[in-house]
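K.L.:
Protein chains in written order, with my numbering: chain A, 29 to 576; chain B, 99 to 329.
Hints in this document: simulated from the structure, not taken from any laboratory. It cannot be assumed that every hint is accurate.
Straight line, CA to CA, 30 Å or less: simulated BS3-like cross-link-like pairs of lysine-lysine [claimed, not checked]: (1) Lys-186/B / Lys-139/A; (2) Lys-395/A / Lys-314/B; (3) Lys-366/A / Lys-296/B; (4) Lys-213/B / Lys-228/B; (5) Lys-415/A / Lys-435/A; (6) Lys-213/B / Lys-387/A; (7) Lys-139/A / Lys-228/B; (8) Lys-49/A / Lys-277/B; (9) Lys-186/B / Lys-49/A; (10) Lys-49/A / Lys-314/B; (11) Lys-297/B / Lys-103/A; (12) Lys-194/B / Lys-387/A; (13) Lys-60/A / Lys-194/B; (14) Lys-49/A / Lys-181/B; (15) Lys-139/A / Lys-181/B; (16) Lys-296/B / Lys-309/A; (17) Lys-213/B / Lys-429/A; (18) Lys-277/B / Lys-256/A; (19) Lys-256/A / Lys-297/B; (20) Lys-314/B / Lys-194/B; (21) Lys-194/B / Lys-253/A; (22) Lys-213/B / Lys-366/A; (23) Lys-186/B / Lys-309/A; (24) Lys-60/A / Lys-186/B; (25) Lys-181/B / Lys-213/B; (26) Lys-309/A / Lys-181/B; (27) Lys-429/A / Lys-228/B; (28) Lys-60/A / Lys-277/B; (29) Lys-103/A / Lys-277/B; (30) Lys-297/B / Lys-253/A; (31) Lys-228/B / Lys-314/A; (32) Lys-277/B / Lys-429/A.
Note that the structure is a prediction, hence the values are computed from the model and not measured.
So the chains spell out like this:
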Amino acid sequence: MNPFSSGTRLRDMIRAIRSCKTAAEERAVVRKECAAIRAAISENDQDYRHRNLAKLMFIHMLGYPTHFGQMECLKLIASSGFPEKRIGYLGLMLLLDERQEVLMLVTNSLKQDLNHSNQYIIGLALCALGNICSAEMARDLAPEVERLLQFRDPNIRKKAALCSIRIIKKVPDLAENFINPAASLLREKHHGVLITGVQLCTDLCKVSSEALEYFREKCTEGLVKTLKDMANSPYAPEYDIAGITDPFLHIRLLKLLRILGQGDADASDCMNDILAQVATKIESNKNAGNAILYECVGTIMSIEDNGGLRVLAINILGRFLSNRDNNIRYVALNMLMKAITVDAQAVQRHRATILECVKDSDASIRKKALDLVYLLVNESNVKPLTKELIESLEASDQEFKGVLTAKICSLVEKFSPEKIWYIDQMLKVLSEAGNFVKDEVWHALIVVISNASDLHGYSVRALYRAFQTSTEQETLVRVAVWCIGEYGDMLVNNVGMLDIEEPITVTESDAVDALEVSIKRLNSDLTTKAMALIALLKLSSRFPSCSE
Amino acid sequence: PLSKPAQTQIYQIRFESVELFVNEGFKLSKYKYRNRSAATAAEIRIGIPASVLSENPDFYLDFFFRLLSRMIHFVLLISRQGKVRLTKWYSPYSQKERTKVIRELGGVILNRGPKLCNFVDWRGFKVVYKRYASLYFCMCIDQDDNELEVLEIIHHFVEILDRYFGSVCELDLIFNFHKAYYILDELLLAGELQESSKKTVARLIAAQDSLVETAKEQASSISNIIAQATK
């Protein structure tokens, strides 16, 4: 009797579930299967344990509760056969999370399996430990994992390296123990071990300053050489992606070099040549190449300044920014935001392209570009930048308008050189997107206008003009109505005309009509109507002829 | 020490280094993490009052782990109809949080138009996604991580699946989901890349599959049948 072939097979259960037409039908099938599995569990059935756990995992992915199967994982893990352990560990990782106390019970099995004679079983244990262990388990089993960093098989060494990363994140105090074994991994040739070893060193540096100093002093040169060898490596079919040998290793080495070079002139010096080589030689027509260039630029920006390298880096970013590929442009914008702290002027040179991106059809790009523009604004460029942003406002969709409006208002308020410019910009924003303008903002506008006595006439005339064309913007109507109420006489008599203004003929009854329209218009809310009424009241004392 | 931080605020703060300690002698392991890949390494200490922490200490520990770790936080495979085909969690997320994440993220990604970039900013993290036929492969990473590389990792995974199943399709991943997980477990561990050679991954999987086959054959061997009959 083959225990793997009778009863409801996994495949059959999946088929049955998929052929259900309604949620209720599916629930019924699942309930039946769960009942059968529960019965098998309580009878301590050995034969179908493997298959039952697989079924439970599928049911779990559908979203049903499966906690009754957790102990089954433990029993399978404790079995002696490889197939049982394989599915047991998978079940453990899928059905449990580290917060469940049941997990602790696996510690003993893990310890045994980490010492198993079958290396694939060691691999299973390392995998489970590295993905799901709690801090206590990490502490208990750290010595085993440390030992496995020097195991004879490279596939175990690489798993042990990554497992160690989880351990030091959970129990940072243990980091010091891993420094020396991690350094040894850097001298290996096996790509898997190198990738994981480099990653372990990187994370060690983040957790322990002792580790950082050690690697910086002892390993920088070796890492630079490894990267050089990779960059100059002949075609290696096993690792080749888009004509580059092992881009993943390139990238990880660049990440570690970045951490080692940061804040240290000597270490940075050491890596200048290879960074220049990577930045100039890597082809950027495929994603893999671009991923390396992106990482390289990040490293150059973080380490100690070398003028030539920085120029190279900004140039790469400039190229990325004008790339037709959306991904590349997104990534360029991201990197430029970080480059601002390093070389703001260089980033300013790309302003035009960045502004184009604010109008991009991709929401992710628009948002990033807007964030970047916001960081680029200063007193000298606020005027042209605001002009561009307001133009983008006209073309943007509802979702983006809100964010863009808020940013423009914030910039205008923060940087405006003259009051009249401020009023002009606010008027444009109100006309285009008044409904997105927050209360504090238009209140502030009214305060500014009322404090700028030389601009009262200008303001009321400008608002009157705007009001004629954009009555659907509620906030614009409110501000206009307030102004007309306050300065209606200036409007009618063209008081305080500035040189730049064109004359405008507004009679008293025109002004009153405007207010009437505001009250009567369909979408006027209570606030607007109230303000219009008050304005009318103010005018009635000044325009006696229109008091009816 | 700060007073209780509002939950929504936390998602937007970037930390250089966080030392999570507990006031008033509450028993909890100290968590210290220093992130030095930013231009300056400032150190911020976040003190959370014991009364707040004692309500849900796990939440804070998990939260800071996710916030500060640079790694792949989780992998998600969903169909165009939003059905989950594979989920793998490398950062601590409770079962409830997982359901919420899947629902929310699924909605965001399935709504993205076809010609847009493969990156979405989500809750302070970045999600890299790519559509292959009827499936969306999604990986959640940190804001500062290399999203172009993660695209390559996704492609690496897909190519390995393709070689293993021979022109993989969604049905393969449904009926053989456990095998897809075995493959993923040879590719990523603790949220990091484990192996850059597709050949090596294929070899390792084949070796383990053959161990399982051998066990099956042994189980159905005649001597076993006899042993069963004479029990």
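K.L.:
Now tell me if each hint is right for this structure.
P.N.:
Verification of the hints:
no.: 1; hint: Lys-186/B / Lys-139/A; in the structure: holds (24 Å)
no.: 2; hint: Lys-395/A / Lys-314/B; in the structure: violated (56 Å)
no.: 3; hint: Lys-366/A / Lys-296/B; in the structure: violated (34 Å)
no.: 4; hint: Lys-213/B / Lys-228/B; in the structure: holds (11 Å)
no.: 5; hint: Lys-415/A / Lys-435/A; in the structure: holds (13 Å)
no.: 6; hint: Lys-213/B / Lys-387/A; in the structure: holds (15 Å)
no.: 7; hint: Lys-139/A / Lys-228/B; in the structure: violated (38 Å)
no.: 8; hint: Lys-49/A / Lys-277/B; in the structure: holds (27 Å)
no.: 9; hint: Lys-186/B / Lys-49/A; in the structure: holds (28 Å)
no.: 10; hint: Lys-49/A / Lys-314/B; in the structure: violated (35 Å)
no.: 11; hint: Lys-297/B / Lys-103/A; in the structure: violated (33 Å)
no.: 12; hint: Lys-194/B / Lys-387/A; in the structure: violated (38 Å)
no.: 13; hint: Lys-60/A / Lys-194/B; in the structure: holds (25 Å)
no.: 14; hint: Lys-49/A / Lys-181/B; in the structure: holds (15 Å)
no.: 15; hint: Lys-139/A / Lys-181/B; in the structure: violated (37 Å)
no.: 16; hint: Lys-296/B / Lys-309/A; in the structure: holds (25 Å)
no.: 17; hint: Lys-213/B / Lys-429/A; in the structure: holds (22 Å)
no.: 18; hint: Lys-277/B / Lys-256/A; in the structure: violated (37 Å)
no.: 19; hint: Lys-256/A / Lys-297/B; in the structure: holds (24 Å)
no.: 20; hint: Lys-314/B / Lys-194/B; in the structure: violated (38 Å)
no.: 21; hint: Lys-194/B / Lys-253/A; in the structure: violated (47 Å)
no.: 22; hint: Lys-213/B / Lys-366/A; in the structure: holds (26 Å)
no.: 23; hint: Lys-186/B / Lys-309/A; in the structure: violated (37 Å)
no.: 24; hint: Lys-60/A / Lys-186/B; in the structure: holds (27 Å)
no.: 25; hint: Lys-181/B / Lys-213/B; in the structure: holds (23 Å)
no.: 26; hint: Lys-309/A / Lys-181/B; in the structure: violated (43 Å)
no.: 27; hint: Lys-429/A / Lys-228/B; in the structure: holds (28 Å)
no.: 28; hint: Lys-60/A / Lys-277/B; in the structure: holds (25 Å)
no.: 29; hint: Lys-103/A / Lys-277/B; in the structure: holds (21 Å)
no.: 30; hint: Lys-297/B / Lys-253/A; in the structure: holds (26 Å)
no.: 31; hint: Lys-228/B / Lys-314/A; in the structure: holds (16 Å)
no.: 32; hint: Lys-277/B / Lys-429/A; in the structure: violated (47 Å)
When the structure is compared with the earlier hints, violations turn up for hints 2, 3, 7, 10, 11, 12, 15, 18, 20, 21, 23, 26, 32 and for no others.
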